[in-house]
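Work out the full structure: start from the sequences and follow the hints.
Here is how the chains run, residue by residue.
Protein chains: 2
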Amino acid sequence: MSNFKSLGVKGVLCDITGVLKESNTTDDGQAIQGSIEGIERLVAAGIKIKFVTNESQITRRELHQKLIRLGFSMPEDSIMPPAFAARSLIEKENLRPHLLVHDDVLQDFEGLNTEDPNCVVLGDAVEKFTYNNLNTVFRLVKEKQCRLISLGKGKYYREDGQLTLDVGPFTAAVEFASDQTALVCGKPDKAFFQAGLDCLGLTADEAVMVGDDVVSDVGGAQNAGIRGVLVRTGKYTTQDESHPTVKPHLIVDNFKALVDLILAT
Amino acid sequence: MSNFKSLGVKGVLCDITGVLKESNTTDDGQAIQGSIEGIERLVAAGIKIKFVTNESQITRRELHQKLIRLGFSMPEDSIMPPAFAARSLIEKENLRPHLLVHDDVLQDFEGLNTEDPNCVVLGDAVEKFTYNNLNTVFRLVKEKQCRLISLGKGKYYREDGQLTLDVGPFTAAVEFASDQTALVCGKPDKAFFQAGLDCLGLTADEAVMVGDDVVSDVGGAQNAGIRGVLVRTGKYTTQDESHPTVKPHLIVDNFKALVDLILAT
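Chains as they are written, first to last, in our numbering: chain A, 7 to 271; chain B, 7 to 271.
Among the hints, a few may not be true.
Identical chains blur together in the list; that is why a pair holds if it fits in one copy or across any two.
As the list claims (entries may be wrong) - Here are the simulated lysine-lysine pairs, BS3-like style, with alpha carbons at most 25 Å apart: (1) Lys148 with Lys16; (2) Lys148 with Lys253; (3) Lys72 with Lys54; (4) Lys16 with Lys253; (5) Lys148 with Lys134; (6) Lys134 with Lys196; (7) Lys134 with Lys98; (8) Lys134 with Lys253.
Note that these hints are calculated values from the structure, not bench results.
Structure representation (C-alpha cells):
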C-alpha cells in the first residue's frame, strides 16, 4: 500500500458496474456501500475522476441518469463509454457501420450512414446475439472485408447475481471464424485508458485504475502503464487473486477502502 | 505431384461435405461430379478409405442414409464423426454431459447420464446457439468447472451457397470467456486423425487427407504427419491458396482429380 501514499494519486480512472454499483436487469441495481460518499470525498480532496466503462447496453445519458437515481452526482461528461470512442473513429475515417449492439445504445450512433457497410460494430447485444445475427456479421467481415470494431472486450459481468457473457466472447468468435483481429474501443485497449488520462490531464504514474475485472480493468490499465487496483465486489471471485497473468498492484475490499487509502495522510 | 506416385498412397482420409457433396439445408445436397465414381475406383484399386467428418448436425446413420440416397455406396462404419469420439471419451471417463448440440445428433448421446453435469459437449447447434444457451454453458464451465468438449473446431462451412458459422467460433467464445481450453473431438485434433489411421491400419506416411477446409482438414492432417490435399470445391476460396500458415501438399480441382493422380501409373 505504501506506494500509493509515497507516489501520490492525483486522479482515478474508475469502472462503474461492480465498483460503484451492483447490476441487475430489473431495476437500476444498487450503489455499493460507501461508493457515493467515496466519490464525493475524492472530489472534495481535489482528486480527478474519469469513469471508464465498457457499458454498451445503454446510452451514456441513460447510464448517467441511472447513477443519479442511485444517489451519485458526477457530471454526464465524466463518463467515457466505448460507443463514444467508436463513433469518433467512425466519423474520422468516414466508415459506414453495420451495428450489432443493444437497442438501447443505437442512439449513440444516430445519424451515421449505415448503407453498404464497410465496418461492423459489436456491442453487448445480449439477446440479439443470435446465430443469424452472428452469421451476418461474420459474412460482412469475412467476405466483404468489413473492419471489425468491438465496444470493449470484456469476458463477462455479474448481473442478477449470475455471471453473464459480455461482448468479448462474441468478438472472439467472429475473430476466430474470420481470421481478423477486432479493433477494440474500450477496455482493455491501451488507447482507451490513454484517452481517459488525457481527459484528466494526467500522466500514467499520477493515476490509478480501479475495477472488478482482473483482466480487462486491472491488466488493461497495467498494460497502459497505470497502477491497477482490483476490488472484491462485482464479478470478483477469489480465483482472481491468483490470476495466472495479472497481478494487481493492490486488492481492496471495495471502492471505499481504496478512497480511504488514497486520502490517508 | 510426383511425391504422390513415388511414395504410394495406400489409404485416404476423406472429408465429406465440400469434397464428396455440396451441402444445403432444404434437401440432401448434391454429389460433386466424379466423387461417387472416384470412391468406387479407389475401392476397386484396393485403396482404403475412412470418412473423417466434423458433421455434428445429424447422426452418423442419417448422414450415411443421405449419402446412399445421393448414390454413394460406402458402409456406415466407414464414417467417423466427432460424436462417436466424444461418446467414447464420456463413457470411458464416466462423465455426465450437458449437451448443446443439434437436436438431430442427440440420438448419438442417448442413454448417457446428463444429471448434475460435469462436462459440456458443444456441437454445431445452429439456431440453438442463443445468448441464453451460451450463458448456461459458460456458467457450467466457469463456475462448476465442467470440462469443455467440442465436436470439432471448424470455423465455417458453406451451406445454401453462404458461408455459415461452424461450432469452432462458439467454442472459441466459451474458451475466451472462461479461460478454459476445449478438448476437441474431431478435426483438427491430432488424435482424431490418428484414430482414422488406426481404423485403416496404416501409418501417417501411407495416407493422404483430402478436404475443403485449409486449416481444419489440411493443416490438421499435416500436424498429425499426414499429407494434406485441398480441393477447390465446397467452401474453398482462392485466398486459401496463399494461407498465412498452411501450405497444402497438393491442391486439386476436385476429389476426382485426386483419384486420377493416386491411380495414375
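Hints, verified against the model:
1. Lys148 with Lys16: neither (45 Å within a copy, 37 Å between copies)
2. Lys148 with Lys253: between (36 Å within a copy, 20 Å between copies)
3. Lys72 with Lys54: Classified as within; 21 Å inside a copy, 67 Å across copies.
4. Lys16 with Lys253: For lysine 16 and lysine 253, the Cα distance is within 25 Å only inside one copy (22 Å; across copies 54 Å).
5. Lys148 with Lys134: both (20 Å within a copy, 23 Å between copies)
6. Lys134 with Lys196: Answer is neither; intra-copy 28 Å and inter-copy 36 Å both fail.
7. Lys134 with Lys98: neither (28 Å within a copy, 39 Å between copies)
8. Lys134 with Lys253: neither (35 Å within a copy, 38 Å between copies)
Checked against the numbered hints above, the structure breaks hints 1, 6, 7 and 8 and satisfies the rest.
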